[in-house]
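**Q** Each chain, letter by letter, is given below.
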Amino acid sequence: MTDSIIVDTATRIFADLCEPGTVNAAEEGQWPKALWDALEESGLTLTWVPDTLGGAGADIIDGFAVLRAAGRASAPVPLAETLLAGWLLTQAGLDAPAGPMTIAPVYEDGHIELANRSLRGRARHVPFARNAEHIVVLAYEAGTPSVALVPTSGLAISPGTSLAGEPRDTVTFDGATAVAVGPAPGLGTLGLVQLGAAARAQQMAGALEHILDQSVQWSLDRVQFGRPIAKFQAVQHSLAALAGEVAAAGAAADAAAEAIARYGIGGELVAAEVAIAKLRVGEAAGTGAAIAHQVHGAMGFTYEHSLHHATRRLWTWREEFGNETHWATQLGHMVAARGADALWPFITQGS
Amino acid sequence: MAYNFHFDPVDLPPECQELRQEVRTFLRQEIEAGTFSPTGGKGSFSKAFARKVGARGWLGMTWPKQYGGHERSHLERYVVIEEMLAHRAPNRSYATADRQSGPVILRYGQEEIKQKILPQIASGDLCFCIGLSEPNSGSDVFAASTRATKTEGGWLVNGRKIWTSNAHNSDYMIALLRTSPKTKENHRHGLTQFLIECKSPGITIRPIINLTGQHDFNEIFFDDVFVPDLHLIGEVDMAWKQATDELAYERSGPDRWLETFSGLVELVRRAGPEPSERLAEGIGREVAHLATLRRMSVSVAGMLHAGKTPGVEAAVVKDLGTNWEQALPNKVRLLAPPSGDSSPESNDDRFEEALRHTTLIAPKLTIQGGTREVLRGIIARGLGLR
Ligand SMILES: Cc1cc2nc3c(=O)[nH]c(=O)nc-3n(C[C@H](O)[C@H](O)[C@H](O)COP(=O)(O)OP(=O)(O)OC[C@H]3O[C@@H](n4cnc5c(N)ncnc54)[C@H](O)[C@@H]3O)c2cc1C
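Protein chains in written order, with our numbering: chain A, 335 to 685; chain B, 32 to 417.
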């Protein structure tokens, strides 16, 4: 069970400070300072860092619930990324700094070298790199995984954007110096990608909840043929199907979050739950966004209407930290290796 | 916010884990003894098996002990049901009574009937069927016109029910019958539930062969069938009130997403430990859906257990579940590696049997127990659209 005070705080901040205008302005390059500051002052940005390392010391599960709320609001800030960065720092016993952070690499095959605090390598699609004050890098020092805290000032960052217009930058680390380094022997890029996938699954589940609300409201307001389009059975059934996808996405994302909260990253059960979640939520994102757009008609295809805040993020997030094909293949191999008679025990293992 | 879905996380308590192992051991023994085959399509009706399950205390699990029940939790019952279904145990003789008819009698039946009937359901001795549908009353359940007319000491029933699964094997039916015309204000008014003995004089059961070639459902003719007053269930004319949410939840269990599971199991068997990327991907996708459905279904059971009323959630699970299990056989078919004249040791025959069975039953999955369209209507109402 999540701590409702933390989630309520987050929800209130997003309601007050993350209007559609804020999201549009962020896409134009304007940093949503008021929103970020409020999140930081409430301690929400370091949810996954224990208080001994300068964080809020909340439960892992609360961080996931905050990300759900952030996804609902299409919050254009590196909140998930800062949580992930804080988690990485914690794995190496490093103190977390204030300010927005992000992580690198974001791919399982990412490889950044570390030697005496000096880094070498390049990472693509680093979320919000240009907005972050620090990048927390999972680097390898003589083959051993280490966590390095790297200030962005002086880094070569070449800007790129996601489908949602959010920063996804290419960062070149060659010659950069870390301000803190700690070994993290048990860690690997796979673990980071798993946590990233679980985080994105929560954001997507939140965004899906939002487009369901938006679509239901729109269908009740929009009148054609003399009545609200909500009264047409075809529209009702489309929205019922959307509701099913939203419910499945929420359940799948929660399963992964709970497994991680209970067992930590690593281990087969968590690997399975993360694969299931990112895959199922990714499918829901595709199906769900299509229904939401259909119900909104041409209006939903305009920049003026805010539906695209959520749908473009859904299309972005489903591709990040492993898309549906990636996780389906992983999961299929897991199942096949255990064999047919172990399939049902595999399905029931979590509970 | 339109509709705030809640699928509360559930941790099955330790007694459920123990029970699961108990059920698995029992099923393994039964399979080894040749009682049933986990891949077989036939022979799913067995009263002998029902009595064994009853003797284990796995029927009427949640009912009061005074009626032969075991006062165990909804979650424990859930575990037993899903293990039976996943192993394709022959549950036809007891499933309807345990899931639907028993709870109706427990809640609305007369005391004497409760004492007489419920213990016999819990022991696995009674088989029930459901008499809702009629030739002109399908989705529109409240259009039923088979009449019950008051007579000395009871009622006389005339008319026709159809699609009645398992009636030819059943001891009793719970039927929805017309006792008064509908009213202008309430088109659901005027129907009453009765307990009817299937061997009563005046009942004729005509088999209807379904497209799999099997005799499973039936047409039932009622010709002046006498039903004693004692068999009246609940209030006259007010059955619509008794078709409560609570009973609807009983129908949202694992049987709404496990009916074609055997196809997936046999596909995994054919895939072997190192399948191609394409096959692995296909298997992975279906497993993710299955695992998510199960989680949602357990969650509904958990919410019931906690005394909540997750009506819309239950409809969502059934809608998602039946659509998924219906689409599964075709995906399995297209994913399967070609077999041709493969070696005799392969499981090709088993696979093909599972695929044949699941392909043929697929169409019914989104019709029986309320069609997809009816369910979507329920969800839409939950969303505030109607
Ligand atoms: C295998 C099987 C076993 C069954 N066992 C039993 C049993 O034991 N006892 C029993 O009483 N019944 C049983 N039934 C019957 C079942 O309950 C009905 O088939 C079901 O309620 C649908 O009724 P129908 O077949 O008359 O279809 P109809 O109601 O005629 O529906 C035909 C199509 O029209 C759609 N439709 C109807 N009304 C609407 C509407 N308002 N809006 C949108 N679409 C609509 C339906 O969704 C469906 O797609 C069984 C059915 C099957 C397939």
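Hints may contain errors.
[What the hints assert, rightly or not] One side only, chain A facing chain B, incomplete, derived with CB under 8 Å:
#1 351
#2 355
#3 475
#4 485
#5 614
[Unchecked claim] One side only, chain A facing chain B, incomplete, derived with CB under 8 Å:
#6 384
#7 385
#8 388
#9 558
#10 560
#11 568
#12 573
#13 577
#14 581
#15 610
#16 649
#17 662
#18 663
#19 669
#20 677
[Said to hold, decoys possible] Which stretches of chain B does chain A cover? Using the computed rule of at least three CB atoms under 8 Å from a CB of chain A, they are:
#21 171-181
#22 185-198
Simulated from the structure, these hints should not be mistaken for lab results.
Don't be surprised by glycine CBs; every beta carbon is placed ideally from N, CA and C.
**Q** I'd like to know which numbered hints this structure contradicts. Please list them from smallest to largest.
**A** 1, 2, 3, 4, 6, 7, 8, 9, 10, 11, 16, 21, 22
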